[in-house]
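Listed here are the chains, written in short residue letters.
Protein chains: 2
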Amino acid sequence: MTVLQADLTWTGRRFARNQQVRIEDGRIQAMGKLGLEVDVRLERRALLPGFVNAHSHAFQRALRGRGETFPNGRGSFWTWREAMYQLVESLTWKEFKSVCTHAFTEMRAAGITTVGEFHYLHHLRDDDYALDALVIEAAREAGIRIVLLNAYYNTGGIGAGGAGVGSIGQPLTGAQLRFRSKSVDAYWKQMDRLDDAVDGDLVRLGTVVHSVRAASKGDITVLHREAKKRGLVFHMHIEEQKLEIEQCERAYGLRPMQLLLDIGELDFGTTLVHCTHTDPGDMAVVRGCKARACLCPLTEANLGDGLADLASVGPSCLGTDSNARISMLEEMRWLEYGQRLRRMERGALRDEAGEVAPSLLRAATETGADALGIKAGRIEEGCLADFVAIDLDAPTLSGWTDETLAATLVCGAAEEAIADTCVGGQWSA
Amino acid sequence: MTVLQADLTWTGRRFARNQQVRIEDGRIQAMGKLGLEVDVRLERRALLPGFVNAHSHAFQRALRGRGETFPNGRGSFWTWREAMYQLVESLTWKEFKSVCTHAFTEMRAAGITTVGEFHYLHHLRDDDYALDALVIEAAREAGIRIVLLNAYYNTGGIGAGGAGVGSIGQPLTGAQLRFRSKSVDAYWKQMDRLDDAVDGDLVRLGTVVHSVRAASKGDITVLHREAKKRGLVFHMHIEEQKLEIEQCERAYGLRPMQLLLDIGELDFGTTLVHCTHTDPGDMAVVRGCKARACLCPLTEANLGDGLADLASVGPSCLGTDSNARISMLEEMRWLEYGQRLRRMERGALRDEAGEVAPSLLRAATETGADALGIKAGRIEEGCLADFVAIDLDAPTLSGWTDETLAATLVCGAAEEAIADTCVGGQWSA
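In order, the protein sequence lines correspond to chains A and B.
Heads up: the first sequence begins at -17 in my numbering, then just goes up one per residue.
Heads up: the second sequence begins at -17 in my numbering, then just goes up one per residue.
In short, the hints are calculated from the structure, not lab data.
Computed from a predicted model, the values in this text were never measured in an experiment.
From the three backbone atoms N, C-alpha and C, an ideal C-beta is built for every residue, glycine too.
Any given hint might turn out to be false.
Said to hold, decoys possible - Ranges between beta-carbon positions, derived for each pair:
1. B:Pro297 - A:Ser410: 58 to 68 Å
2. B:Lys224 - A:Arg26: 38 to 48 Å
3. B:Pro53 - A:Gly156: 23 to 33 Å
4. B:Glu64 - A:Ser410: 17 to 27 Å
5. B:Gly(-6) - A:Ala12: 15 to 25 Å
6. B:Arg107 - A:Arg26: 36 to 46 Å
7. A:Ala266 - B:Cys271: 49 to 59 Å
8. B:Arg(-5) - A:Asn0: 53 to 63 Å
9. A:Gly8 - B:Lys224: 46 to 56 Å
10. B:Pro377 - A:Lys171: 33 to 43 Å
Can you build the whole structure from these sequences, using the hints too?
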């Protein structure tokens, strides 16, 4: 048993003083004014729940600073995807492991204690699934908690035929062969093999269909159903690009989100990544099912996706996605700032008390934990003992008060204000 | 004489190896493969010109994390201005000096070697101009080069009357009295007094009219003309908010930019801050005069101003403005990212070679120096010896090559990658 006390502790709504956190077996047993002897006094520190990065492709960290030249004129998500495919074709297992370890290490320095790794680059060759275990190893080495969101990727694009031919997807080509799930059965066989790596706490699994581009409606249906049966969360990329919506409408007569809703299985365990161009009516139904969106402001800006309308998208979690930059603080402020630019007004994500910072911190902690199906993201009894310690002497925070610290951090600081992180009761410094 | 050599040196277009920089009397005397003995070998460093922050209100650093709650519902630039006015009314000279020194120190840590301080908070009481000297002192203490862009602020708003009554501005009230220039004569008298503080190198002056809200058309005309005569740069806030445009049209029958163009004096020495909602036709005329815009992406997002269209605004300089966050690297990437979000395509600010990073670095260096009328922002003969040294071992830069370093830095890093800064040949570390 360890009792922690920082100068300030985040309650989910505000920073409070004189709070003690009792930790046992990597979990929080109690939090509050406990009157216990303090084992670890974190001086000049404020304690936040560890950030939860709900959507990452760690290997894409290798593209940082690449794919940022446009010799043939303006680029797009699709020209960037070509650069990503080139990387995929060239990556050796050693490079793959190294870039994943590096990305996860950078995440911890950015206050991230759990990553939801949306993993679709499976094979070195011939459906060998050699890279799946490497991602888990990389996370262990970096000391980050991982939910391996293991992706089903079966088709190279939505069927090119007319309406009703949608179930016939395009064949995988080139780099995409490294993503392949041959069949739903093959997918679950590999999930069963990966199950041995799960230790309940540090490594967990989740189910992913990459996108409506990568699977037929039938396959999405059975995968979502089986995930639910197994108690696994379900994630999917959706409506990041208008072209995907157009192609889906052409093939199925439905927008991607309508197609998903048509399956009729969305629930609290479902997280839909991006929803950049989702119709407000569709989104209202998604929210009614208790499913949620995951937004990735830095990546969506870098890729020129556009700005989702959070008035309809609702409370979301956050992901560092392409890892072109890894900064949950920058993701948080630009989640709000994107809406300010879109609406030309301030305070877009304000809560009932009119505050913005608690909503943004919630996106980076609680909502991410919900999306990954883990009891984390809160400094509360029963939650994983994952924390970020904020350096109250960081010059970028100077001028803070108990009331303004959260907004000062979210608007004004970056990784220099993060003193340390803790995963399951273990501090990194 | 000192000869510097880093691993990589920025030429304005790319990073080159084996470059030596010869410095004498705080200026660069030569740059290139000089074949000289190296005095200072900067190992594992890349050398950039010091960043030029072309638009700052240092005292607003005190608002960081404040004015981010919205108990009465959504906020706007105008509700934020009320919070800023409250700060203005309460600031003592000691607090003012302290917050300015802190902001300038934070700027140096962010790679900024020159600040254009758009200074309008002049008085402690009764037109005493007590705060002007304090800003200069604060800059000296922080070791930052300053161009004091000293502001004329004479009216509290554009005249409320009908068209043609525009020259009768509203009286200053409350906090605004601390900004007051009683008359154009009083303004130049104070500029003459400040001239004693100018040392040609570390402290210079520039002329400012705060905005069309703060001065009549007649006063803007004579101030711009006199600034030109004295060889001073001229800056003005313009068209950040649609309301300003509407009020100006009502009073003068002209948009603020049309009013400025009507004066007919815009030139290379003129910098127009924001231009968020400027009409493309007006902007084309501005560019034809060789005047430029200054954009402040972080502040314009924080304040919910909206996104300017850089296709019409053209090459701009950058400012940290409200200093809610001080990061030229974040400003640079969001200058490009804002356009990517606006146009839903990538590579908005690409140059002829299709590269984005050199354009963004130019905005943060050369164009800022042009806006402030100083020979800086370039590692070239005759320029001030102001540098940023980049830490090539920063984990956020890992994976860089000579070709990708600039984009890796601009897209993927923040202040942790800045090892040191140099002003006039003096390194801070």
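Structure-based check of each hint:
1. B:Pro297 - A:Ser410: 58 to 68 Å: 43 Å Cβ-Cβ, so the 58 to 68 Å window is violated.
2. B:Lys224 - A:Arg26: 38 to 48 Å: 44 Å, holds
3. B:Pro53 - A:Gly156: 23 to 33 Å: 55 Å, violated
4. B:Glu64 - A:Ser410: 17 to 27 Å: With a Cβ separation near 43 Å, Glu64 (chain B) and Ser410 (chain A) fall outside 17 to 27 Å, so the hint is violated.
5. B:Gly(-6) - A:Ala12: 15 to 25 Å: At roughly 59 Å between Cβ atoms, Ala12 (chain A) and Gly(-6) (chain B) fall outside 15 to 25 Å, so the hint is violated.
6. B:Arg107 - A:Arg26: 36 to 46 Å: The hint (36 to 46 Å, Cβ to Cβ) holds, given that Arg107 (chain B) and Arg26 (chain A) are roughly 37 Å apart.
7. A:Ala266 - B:Cys271: 49 to 59 Å: Holds, since Ala266 (chain A) and Cys271 (chain B) (Cβ atoms, about 50 Å apart) stay within the stated range.
8. B:Arg(-5) - A:Asn0: 53 to 63 Å: 57 Å, holds
9. A:Gly8 - B:Lys224: 46 to 56 Å: 53 Å, holds
10. B:Pro377 - A:Lys171: 33 to 43 Å: 37 Å, holds
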